Amino acid sequence: MNKPLFFLASLALMFAAAAPVVAHHSFAAEFDASKPANLKGTVTKVEWQNPHAWFYMDVTDDSGKVSNWGVEMGSPNGLMRAGWNKNSLKIGDVIIVEGSRAKDGSNHANARFVTLASTGKKLFADSSQGQ
Amino acid sequence: MKNRIAFAFLLIANSMPALAQWQKYATPGVPRDAQGRVQMDARTPRTAAGKPDLSGNWVRGDRDPLPQELAGVVARGAGDSGAVVVEPRAAPFPPDPNAPPLATFFDLGANIPGGLPYTPWAADLKKARMATNNKDNPDANCLPMGITQFHMQPQPRKIVQTANLILILYEANYGIRYIYTDGRKLPPQGDPLAWWYGYSVGHWEGDTLVVETNNLRGAETSANDGWLDVRGSPYSEQAHFTERFRRPTFGKLEIDVKVEDPKSYTKPFTVRINQRFVDEEPIEFVCNENQQFRQRIKVD
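Chains as they are written, first to last, in the numbering used here: chain A, 1 to 131; chain B, 1 to 300.
It should be emphasised that the hints constitute simulated quantities derived from the structure, not laboratory data. Treat the hints with care, as some may be off.
[Said to hold, decoys possible] So, partial list: chain A residues that the calculated Cβ filter (under 10 Å) puts toward chain B:
1. S26
2. F27
3. Q49
4. H52
5. W54
6. G78
7. A102
Only a predicted model underlies this, so the values are computations on that prediction, with no experimental measurement involved. We put the CB at the ideal spot given by N, CA and C, even for glycine.
Hey, can you work out the whole structure from these sequences and the hints?
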C-alpha cells in the first residue's frame, strides 16, 4: 500500500473504532432539511452539555450587520467518542458551518459539518440525527 | 526521512482521539487475542450456578438504513463526503433462519410482512404522532423509552447480572431496568401502579432468560408514553412484553421480544433484536441538563 493510502486507511480505522452516534431527537420537528445553513463566523460561546452540545457564533452579513447564531451538535458523549473534546472549539475560532436551519426561523441551526477556517480541517459535528 | 515524518504524523494523528476519549480499560474476564481484541466467538460466560452470564457492555447489533428524510442532511459515515465513521463498522451477524423478523429502530415492524398488526386505535395514534414529526418521541424529550426503543437506541447499555436481580443500565436517558429473578411473580395488571419501565420478573428456561413485563404506563398516560419505535408505533396500558434473552457466544446477545397488547395490535407479534458486545463502557448521560428541543418545536 502506498503511503498516502496507508495514512488514509489508518485514519479511517482510527475513527471506525469510535462508538455510536446518538439519535436523539426528532429532527424534522425542530429543523428544516430544505433550508441549508451555511455560516461563517467567530465562536462566542461553547455549551458542552447534554443532551446536545451547542456553540454560538457571530456571523457578519454583507451589509456588516453582526448576528449571533446557536448551532447544535451531537451529545458530548458521542462527540467524545468521535474524537472531540470541550477544547476542540475555542472562543475566537473562525469556523464554517454546514447544516440545517431551525424551522421557527430563529438564528439556530443543526450542524452537519464544522470546518476550522484557519486550517481547513473538517471536524465531524456528530450531528444528532445520524443514528 | 520521508517515512519517519509520515510515521510521526501518523503517531500524532492516532494519539489525538485517544486523548479525547473516555478512559480505555481492558475489562477483566474478557477473552482476548494476542492483540487484545475481544474474541467475539468465544464461549458463553457462565455464572457459578451454571447459567449463562449476560453481563457486559452491549450495542445494538444491526443498523437501519438511514431514513429517506435524513439522507443528505446529516453526516453519518464514510460515504458522506468529509465525514468519518462514528458507529463501529461491524459485519452483520449471519442471518438466523429460525429468528423472528429483525426489528428496526425507526419502524419496529419493517421486516414483518404487512407490518405491525395495528388496531384502528393504534393506527390513528401512530398517524397523529407522525403528523407532528414525532415531536413527542420520549427519546427527544429526555424521557424513558419503550422497551424496544431502548434496546435499539445507538447509545450502549450495560447488563449486570446477579443471582436474584438483573439490571440493564442504559446510557440513553440514563435508564435503569430492574429484572427480578428471585422467584417473585408479576403483580396483577393495573395493580398497584403503572411505571415507565413497568414491572419485570425473569426466570430461566434452560439457557434462555425469559423476562415478563407488565404494569407499564401506556399511550393513554401521556403523549410521551407508549412508544415502541421512533415512528411512534404505540403500546397501551394493557401491554405485556415477553423478552427471551440468549447469549450464544461471548459477543452476541439475542433478544426476541413478544408484544401482547390487544388494544394496540390485533394479534401478538415477535421481533428479534441482536446486541453486540462492545469493548467500551456507557458514560454518564444526564439528558435534561440543557434540553432545548422543546423550546423550538414547530409543527407545520
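So, going through the hints one by one against the coordinates:
For S26(A), the interface hint holds, the least distance from its beta-carbon to any beta-carbon of chain B being 4 Å, beneath 10 Å. Evaluation of the F27(A) hint against chain B yields a held restraint, the C-beta minimum of about 6 Å falling below 10 Å. Here the hint on Q49(A) is kept, as its CB sits about 4 Å from the closest CB of chain B, short of 10 Å. The beta carbon of H52(A) is positioned within 10 Å of a beta carbon in chain B (closest approach about 7 Å), and the interface hint is therefore held.
Nearest Cβ of chain B to the Cβ of W54(A): about 7 Å, under the 10 Å cut. The hint holds. The beta carbon of G78(A) comes within 7 Å of a beta carbon in chain B, closer than 10 Å, and the hint placing it at the interface holds. Restraint check, A102(A) versus chain B: the minimum CB separation of about 6 Å is within 10 Å; hint holds.
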